[in-house]
Every structure is written in structure tokens, then in C-alpha cells.
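Engineer: With chain G held as given, fit chain L onto it using these hints.
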Amino acid sequence: MYGWIWRHLPGNAWAKALVSLLLVVAVVYVLFQYVFPWAEPLLPFNDVTVDNQ
Amino acid sequence: MGRIATAVSVFGELLITAGLVLGLFVVYSLWWTNVLADRKADQQGDKVRDTWAHENRGPGALDTGDGIGFLHVPAMKNGEVLVEKGTSSKILNDGVAGYYTDPVKSALPTSGKTGNFSLAAHRDGHGAQFHNIDKIKKGDPIVFETKDKWYVYKAYAVLPETSKYNVKVLSAIPKESGKKKAGHYITLTTCTPVFTSRYRYVVWGELVRTEKVDSDRTPPKELG
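Which chain is which? The protein sequence lines are G and L, in order. If you're matching positions, the first sequence starts at 33 in this note's numbering and goes up one per residue. If you're matching positions, the second sequence starts at 5 in this note's numbering and goes up one per residue.
Keep in mind that the hints were calculated from the coordinates and are not lab data. Among the hints, erroneous ones may be present.
Claimed, not checked - Think about it this way: if two alpha-carbon atoms lie no more than 20 Å apart in a straight line, the pair counts; the simulated SDA-like pairs of lysine to any residue are: (1) L/LYS168 <-> G/LEU74; (2) L/LYS94 <-> G/ASN44; (3) L/LYS94 <-> G/LEU75; (4) L/LYS51 <-> L/LEU28; (5) L/LYS141 <-> L/LYS89; (6) L/LYS168 <-> G/GLU72; (7) L/LYS89 <-> G/ASP83; (8) L/LYS179 <-> L/LYS94; (9) L/LYS94 <-> G/ILE37; (10) L/LYS172 <-> G/ASP83; (11) L/LYS81 <-> L/THR118; (12) L/LYS158 <-> L/ALA176; (13) L/LYS44 <-> G/PRO69.
Just so you know, these numbers come straight off a predicted model, no measurement behind them.
If we strip away everything but chain L, and leave its shape as in the complex, we get:
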């Protein structure tokens, strides 16, 4: 083979290799990260449930190092989602939802005060906990479970596409959702459209009622 022919063939092989590596990256993003994240989320979720079962701390006591509770959204058909503090990728990559500490500090439902309980989770890969966020319709229940209480929210507004810089959606009174008065709100954010991060998808809910957790942890009727 001449030198030019060799160079062309090596170049071709490099292109094929690049294609294979990109293909592997897709496999990694959409499958392997889910495997890792589901494993992590299960472990951490079990740990939280164990702590709840065995430790008798005062009501409302928070161990923010671990999860603070579980989010149940029947419309997303993904079971329970552990909620932890913070929205850095290190936290969200464990297949959990994180509540915002930055740029707008989330209010916690357990505090009992008015405000906005704002959460983020992955749309694809890393557990993809908010993958089906577009299945949530107005009126659907969003339930947050803590050690002592069920917080039953109802979705009342959806913003299917907004800028990633739109931090106002996290405000204590999210005006874009149509609210003008302080209340107990919940905000779910993730990226949209699927497989990209061009825009953000936002769902707002409002607290309907709370229910005490009984000894069997019987879920509220919305989860039945």
C-alpha cells in the first residue's frame, strides 16, 4: 500500500472508532447512568426508611445529610422519588430529586411556613426521575411523604417551556403560575425537550391538605 492509501485507511478507521465511541456514550447516558443511579437511590431510600423506622426523634427533626422524604406522583408512574438537599449534579446523579438551595432557597413543607417547595430531577439518564413530567395534568396529585406527614399537593399550572435562566419560577409566590398570594406551593423543574437541555419544564402544585402518617404508613387516597 502506498503512503496515501495507508493514511486514508487509518483516517477511516479513526472515523469508525469515533462513531462507536459516540454510540457507546449514548448507551452510557441513557442506560448505564440509570443502572448506577437506581442502585444509589435504592440504597439511600432504604437508609431513610430505616432511620424513620428505628430512630425515635422528635417530630419535624431533619437529617438533611440524607433524604428528607419521598415524592409520589402517580401521573409519572415511577413509584417514589427520594428527595435530598441541593440540586448539584453530584446529588441529582444519584437518581433522586433535589430541593433548591440556590439560586432561590426552597421552602420546606415540614417548616409549616408558606413558600415554594422547589425541586429538580433528571429527565433522562441518572434515574430519569422526572422523565414523565409531561404526563402531569392540572388537578393531578403530587404527594410528599415525610416521617410523620403526607403533604398532598394538587398540580394547578404547567409551563411546558421556559428559559433556563428563568429563576422566577422558583419564587415564593410563583407569579407565572397565576398566583398572587402567599401559599404552600410545590414546583417541579426539569429539562425539555427530552434528551436535551435547551429549555426547562415547570409544574406547579398547591398544598391541599396534610395527613398524619399512621402506624402502617397507609398512603393517602390520592395514591390508592
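With the rest of the complex left out, here is chain G:
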């Protein structure tokens, strides 16, 4: 999978490395900004109130 991505990136090794880095940053951004805030309330790690439900 990662090998396939690497082979399909344009340019020489440096260009590929740079684009890879940008892709990683983009993925982390999407995770922190959208995915984790969505997932967090669904997971039982941080409920602090006493409740009837």
C-alpha cells in the first residue's frame, strides 16, 4: 500500500519525500480536526457526570 503510493508520487526521491511529508501532515490534521472530535464522545473514556441514563 505505502509502496504503491511511493511509486505513484511524481519526481525524484526528494520530491516524493516532500509530498509524503505533506500527506502525513494532512492526514494528522484531518484526524485531529474532524475524526477524533467526532469519535471521542462515542468512546467511554471521558464521561465525568453522574447521570440517569
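Structural biologist: Structure of chain L alone, referenced to chain G:
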């Protein structure tokens, strides 16, 4: 590479990716949410202090849209905690403590009436304002600061583990703390053990005295 070898290698890469994502989630929960929450709490806290300094509203007037005051618990070593209305995650995720409106409505100390001022805040992440709740011992001061008054409470009972359905801890007279008569109580709730939400940790305090805020906002001696 044969098709089976390719499939195995892709599967392996997916597993590694899943591991990295879970690791990132831990970083997000325990670090990034604190960064965001501290920023929010600072902003909102500053806003409350500004309002107190510049606006001359009548004593006891409440602007419940913002914070109603600050909680100081020296035993938790976390400075001041802004207190806002409500305990939804939207509110608590801003790194503040919230007073209960549901399932049991909290009494407000500013009302002067007897009752239970019940609060909740995060144990981990999102400011983790009650992270050190287990450091509060019987006799420790819990001070609530409003525009005009310091409310000095003293912790008198701790319930280190209870069911998350135990809403009775929020009662006006919290019987589990050993009280039978109406009084001015404060209840702090959060989750326990750390990093999970399996049980709830509860600390009760009782009002000892109130003190008028002077022009320098000199804190009461308990915070000295």
C-alpha cells in the same frame, strides 16, 4: 510478489496504520484537548474578570451565559477553575467546571439559600481541571470566588468510587456524605480511575463562612 504475499503485506500495513492512529488518538486526548481547552478557559476567564472589573451591576446579578465565578482548590494545585452553567461535554470541553442543571439542579451559593452546589469537570484531557481530585483530603479548603464574595467551603467527605448512575450524591442533602440536615454544601464530581469513565469520584464540602471581596480582591487566608 504473489497475490497472497501482496495481500498479507497490505494487511500488515493496515495494522501498522491502525496502531499509529490509536497512538495519535492518545496524543489527541491527553495533550491536544488540553491545549485547546486551556486556551478557551483563559479567554472565557479573562472575559469574566473584565466584566467584573468594568461593569457595575447590582450585587448578585448573574450573567449565566459566561462563567459565574472561579473555583480555587489549593489541594489540586491547578490555580483557578472557571465555573459555567451546565455539564454537557460542549461546556466541560472548554476546560471549565460546570454546575449541574440535570439530572439534579444545583443550588447556587449566590442565592444564599441552603442546597447543594454540584460541579463536574474533566479528570483527563480537555483541561483536566479535576485531575488531582484524589489529593483533596478531609478538612481541605474549597473556595468559590464570585464578583462580590468568597465562599469558603471545607471538604468533609470523600467517596472514592461510586456508580455513574448514583445521582443521589447531588441531592440537596447528600445523605451518603453523612449529612441529615439542610445546609450549604458543595459537591465535586469527576470520573475515576484516571483515563477511564468506569466510576465516579465525589468530594463533598460544607460552607464555613463567606467573605466580602475587597477592592484588591485579596484572597481569603485559606488560599494564602
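Engineer: Taking the hints in turn, state whether each one holds.
Structural biologist: Tested hints:
Between L/LYS168 and G/LEU74 the CA atoms are separated by roughly 16 Å; this keeps the pair inside 20 Å, and the hint holds. Restraint check: the Cα-Cα separation between L/LYS94 and G/ASN44 comes to about 47 Å, which exceeds 20 Å; the hinted pair is violated. Straight-line distance between C-alpha atoms of L/LYS94 and G/LEU75 comes to about 15 Å, which keeps the hinted pair within the 20 Å bound. Taken as a hint, the L/LYS51 and L/LEU28 pair is broken in the structure, with Cα atoms around 33 Å apart against an allowance of 20 Å.
This hinted pair does not check out: L/LYS141 and L/LYS89 have alpha carbons roughly 26 Å apart, beyond 20 Å. Proximity of L/LYS168 to G/GLU72 is assessed by CA-CA distance (about 18 Å); at most 20 Å being required, the pair is judged to hold. A hinted pair counts as satisfied when its Cα atoms are at most 20 Å apart, and L/LYS89 with G/ASP83 qualifies at roughly 16 Å. Our distance criterion of 20 Å between C-alpha atoms is broken by L/LYS179 and L/LYS94, whose separation comes to about 30 Å.
A distance of roughly 39 Å separates the Cα atoms of L/LYS94 and G/ILE37; the hinted pair therefore is violated under the 20 Å criterion. Simply put, L/LYS172 and G/ASP83 have alpha-carbon atoms about 10 Å apart, close enough for the 20 Å limit, and the pair holds. Only pairs whose Cα atoms come within 20 Å are accepted, and L/LYS81 paired with L/THR118 is rejected, the gap being roughly 28 Å. Annotation: proposed proximity of L/LYS158 to L/ALA176 holds, straight-line Cα distance about 17 Å (limit 20 Å).
The straight-line distance between the Cα atoms of L/LYS44 and G/PRO69 is roughly 16 Å, inside the 20 Å bound, and the hint therefore holds.
The structure fails to meet hints 2, 4, 5, 8, 9 and 11 from the earlier list, while all remaining hints are met.
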